[in-house]
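Undergrad: Residues per chain are reported as follows:
Protein chains: 2
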Amino acid sequence: MRRLKVTLEYDGANFAGFQKQSGAGIRTVQGILEETLARLTGEETPVIGAGRTDSGVHALGQVVHFETGSSIPAERFCRALNGKLPPDIAALDAEPVDASFHARYSALGKKYRYLVFNSRKPLVLWRNHCCRFPESLEMAAVKETAAILAGEHDFRAFSAAGSGVKSTVRRLFSLDAEQQEEWISITAVANGFLYKMMRLLVGTLLAAGSGKLSPDQVKQILERGERGRGGATAPPQGLYLVQVFYSKGEFS
Amino acid sequence: MRRLKVTLEYDGANFAGFQKQSGAGIRTVQGILEETLARLTGEETPVIGAGRTDSGVHALGQVVHFETGSSIPAERFCRALNGKLPPDIAALDAEPVDASFHARYSALGKKYRYLVFNSRKPLVLWRNHCCRFPESLEMAAVKETAAILAGEHDFRAFSAAGSGVKSTVRRLFSLDAEQQEEWISITAVANGFLYKMMRLLVGTLLAAGSGKLSPDQVKQILERGERGRGGATAPPQGLYLVQVFYSKGEFS
Numbered sequence: 001m002r003r004l005k006v007t008l009e010y011d012g013a014n015f016a017g018f019q020k021q022s023g024a025g026i027r028t029v030q031g032i033l034e035e036t037l038a039r040l041t042g043e044e045t046p047v048i049g050a051g052r053t054d055s056g057v058h059a060l061g062q063v064v065h066f067e068t069g070s071s072i073p074a075e076r077f078c079r080a081l082n083g084k085l086p087p088d089i090a091a092l093d094a095e096p097v098d099a100s101f102h103a104r105y106s107a108l109g110k111k112y113r114y115l116v117f118n119s120r121k122p123l124v125l126w127r128n129h130c131c132r133f134p135e136s137l138e139m140a141a142v143k144e145t146a147a148i149l150a151g152e153h154d155f156r157a158f159s160a161a162g163s164g165v166k167s168t169v170r171r172l173f174s175l176d177a178e179q180q181e182e183w184i185s186i187t188a189v190a191n192g193f194l195y196k197m198m199r200l201l202v203g204t205l206l207a208a209g210s211g212k213l214s215p216d217q218v219k220q221i222l223e224r225g226e227r228g229r230g231g232a233t234a235p236p237q238g239l240y241l242v243q244v245f246y247s248k249g250e251f252s
Numbered sequence: 001m002r003r004l005k006v007t008l009e010y011d012g013a014n015f016a017g018f019q020k021q022s023g024a025g026i027r028t029v030q031g032i033l034e035e036t037l038a039r040l041t042g043e044e045t046p047v048i049g050a051g052r053t054d055s056g057v058h059a060l061g062q063v064v065h066f067e068t069g070s071s072i073p074a075e076r077f078c079r080a081l082n083g084k085l086p087p088d089i090a091a092l093d094a095e096p097v098d099a100s101f102h103a104r105y106s107a108l109g110k111k112y113r114y115l116v117f118n119s120r121k122p123l124v125l126w127r128n129h130c131c132r133f134p135e136s137l138e139m140a141a142v143k144e145t146a147a148i149l150a151g152e153h154d155f156r157a158f159s160a161a162g163s164g165v166k167s168t169v170r171r172l173f174s175l176d177a178e179q180q181e182e183w184i185s186i187t188a189v190a191n192g193f194l195y196k197m198m199r200l201l202v203g204t205l206l207a208a209g210s211g212k213l214s215p216d217q218v219k220q221i222l223e224r225g226e227r228g229r230g231g232a233t234a235p236p237q238g239l240y241l242v243q244v245f246y247s248k249g250e251f252s
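Line by line, the protein sequences are chains A and B. Residue 1 is where the first sequence starts when you use our numbering, and the numbers rise one by one after that. Residue 1 is where the second sequence starts when you use our numbering, and the numbers rise one by one after that.
Chain A extracted, bound-state conformation:
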């Protein structure tokens, strides 16, 4: 047996999230991967993911690990797996790792990106891959608010209740917003993200950019840990798990 680390891209539109769920016919990333590995290798092997993306959330670089006794060399594993995976998920890279590697616990950080279509026009072609925000945005206010949120803080106010984590302190290495015509991309790199944290941060930046919250109000919400006082939770279809970092050198 050996352990493989596999990097995945998937289109979240037709998945009920990453995590396998009981109940027939619920299509999850983990479920599809385990089924496909069973068809490829004949083995029933649990797949462990770096992060549990929600229903509708996409990944450009989700990382998983699993054990396999298969003789397929790591460099051919991607192609073999992709030959059997459905078209909305693909393995981008596979490499052997030692038994101490864990997709979730070995991760030092993650990068998420959120894509906003800032327009009053209907959103048709990209409706499953971004979120439309029709109100006009003041990018200076978005950036000022992002600068307040970046850094090491107790992000309790920007987490959904009930995730049961011990600490809600996270280090947000960077939170950047870029505008190109009607498109705004918001990118965050952190040592970890609380449940729904990225979507709550995005909702808060959009509230600040559209004048519903001032940067000072956001600062207060952050400092006081006031759940439910920030912006709305941005919808899942605009969110992408871009990269999972396993060494300090990867952060940039």
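These are calculated hints, taken from the structure and not from any lab test. Predicted model, so just to flag it, every value in this text is computed and none were measured. Among these hints, one or two may not hold up.
The list treats identical chains as interchangeable, and a pair is accepted whether it falls inside one copy or across any two copies.
Capping the alpha-carbon separation at 25 Å, the derived lysine to any residue pairs in SDA-like fashion look like this [to be verified]:
{"id": "1", "residue 1": "121", "residue 2": "80"}
{"id": "2", "residue 1": "84", "residue 2": "56"}
{"id": "3", "residue 1": "143", "residue 2": "220"}
{"id": "4", "residue 1": "121", "residue 2": "187"}
{"id": "5", "residue 1": "121", "residue 2": "71"}
{"id": "6", "residue 1": "248", "residue 2": "195"}
{"id": "7", "residue 1": "196", "residue 2": "159"}
{"id": "8", "residue 1": "20", "residue 2": "242"}
{"id": "9", "residue 1": "20", "residue 2": "48"}
{"id": "10", "residue 1": "121", "residue 2": "13"}
{"id": "11", "residue 1": "121", "residue 2": "31"}
{"id": "12", "residue 1": "121", "residue 2": "61"}
{"id": "13", "residue 1": "121", "residue 2": "247"}
{"id": "14", "residue 1": "20", "residue 2": "68"}
Given the coordinates of chain A, work out where chain B should sit on it, guided by the hints.
TA: For chain B alone, coordinates are given in the frame of chain A:
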């Protein structure tokens, strides 16, 4: 009764093309529009489109016209229609036109764009919205070949047989290819496009860029009108009908 000109965006992925087809359960743009107009206005009115996009082809600015006795003002027609249309199609604009306007016959030209993902990486998130071309491309050869194809020519070699048009001469005002990282967009403006012409032009540019055809060979194919000698017909999912022009001033 009055005539309305409506500009549409649609995602071609789940449509069997623009043109209504006989047979139950075949989902077409024209069919969905006529059904939706019937529900909105109570009228059975034929919808005439500027171009018959193939199955899988998208539109950012398809134009249609139809007659209606509805009292909904033109400026509110889009919103009313969009309230009843499925999420993969939307009206972007509606304006009253006089009875001499015809979406197809009044058109002076069209702009199409084709999106290529030039990479050996799997294509997952954008699989329905571009075409993957894994071979390396020499952009200089693509541009040199595009310059040969631009202009007024008999494009017989770049048309699918059986469309029954009288003349295969068209004026290709421009044919441009732009590269940005792994993405190549090919944009064409012409006074008209023969059946599958854009996809045949794109296939030929890709063949030239990957060294399978020389610019001189393409010139010969064009001059001799040799069907089937150019590149392969590029697949439909990378193609977008961007704009239909009805006045000379719109060309740019």
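Undergrad: Under a CA distance limit of 25 Å, which applies to residue 121 and residue 31: within one copy, between copies, both, or neither?
TA: between (37 Å within a copy, 23 Å between copies)
Undergrad: As a check of your reading, is residue 196 near residue 159 (CA-CA no more than 25 Å) within one copy, between copies, both or neither?
TA: within (6 Å within a copy, 51 Å between copies)
Undergrad: For residue 121 vs residue 80, is the C-alpha pair at or below 25 Å within one copy, between two copies, both, or neither?
TA: between (42 Å within a copy, 14 Å between copies)
Undergrad: Give the relationship of residue 121 and residue 247 under a CA distance limit of 25 Å: within one copy only, between copies only, both, or neither.
TA: The answer is between: 24 Å across copies meets 25 Å, while 42 Å in one copy does not.
Undergrad: Can you tell me if residue 84 and residue 56 fall within 25 Å by alpha carbon in one copy, between copies, both or neither?
TA: Result: close both inside a copy and across copies, 22 Å intra and 24 Å inter.
Undergrad: Could you place residue 20 and residue 48 in one of the four classes (within, between, both, neither) given a Cα distance threshold of 25 Å?
TA: within (11 Å within a copy, 47 Å between copies)
Undergrad: Pop the pair residue 248 and residue 195 into one bin, within, between, both or neither, using alpha-carbon distances up to 25 Å.
TA: within (23 Å within a copy, 55 Å between copies)
Undergrad: How do residue 121 and residue 61 come out at 25 Å by Cα distance, when the copy is not named: within, between, both, or neither?
TA: between (30 Å within a copy, 13 Å between copies)
Undergrad: When no copy is specified for residue 20 and residue 242, does a C-alpha distance of 25 Å or less occur within a copy, between copies, both, or neither?
TA: within (21 Å within a copy, 41 Å between copies)
Undergrad: Please sort residue 143 with residue 220 into within, between, both or neither, judging by C-alpha distance up to 25 Å.
TA: within (17 Å within a copy, 56 Å between copies)
Undergrad: Since the copies are identical, ignore which copy is meant and state whether residue 121 and residue 71 lie within 25 Å (CA to CA) inside a copy, between copies, both or neither.
TA: So residue 121 and residue 71 pass the 25 Å test across copies only (24 Å; inside, 52 Å).
Undergrad: Checking an output row: residue 20 and residue 68, CA cutoff 25 Å. Within, between, both or neither?
TA: within (19 Å within a copy, 51 Å between copies)
Against the hints set out earlier in the document, no violation occurs for any number.
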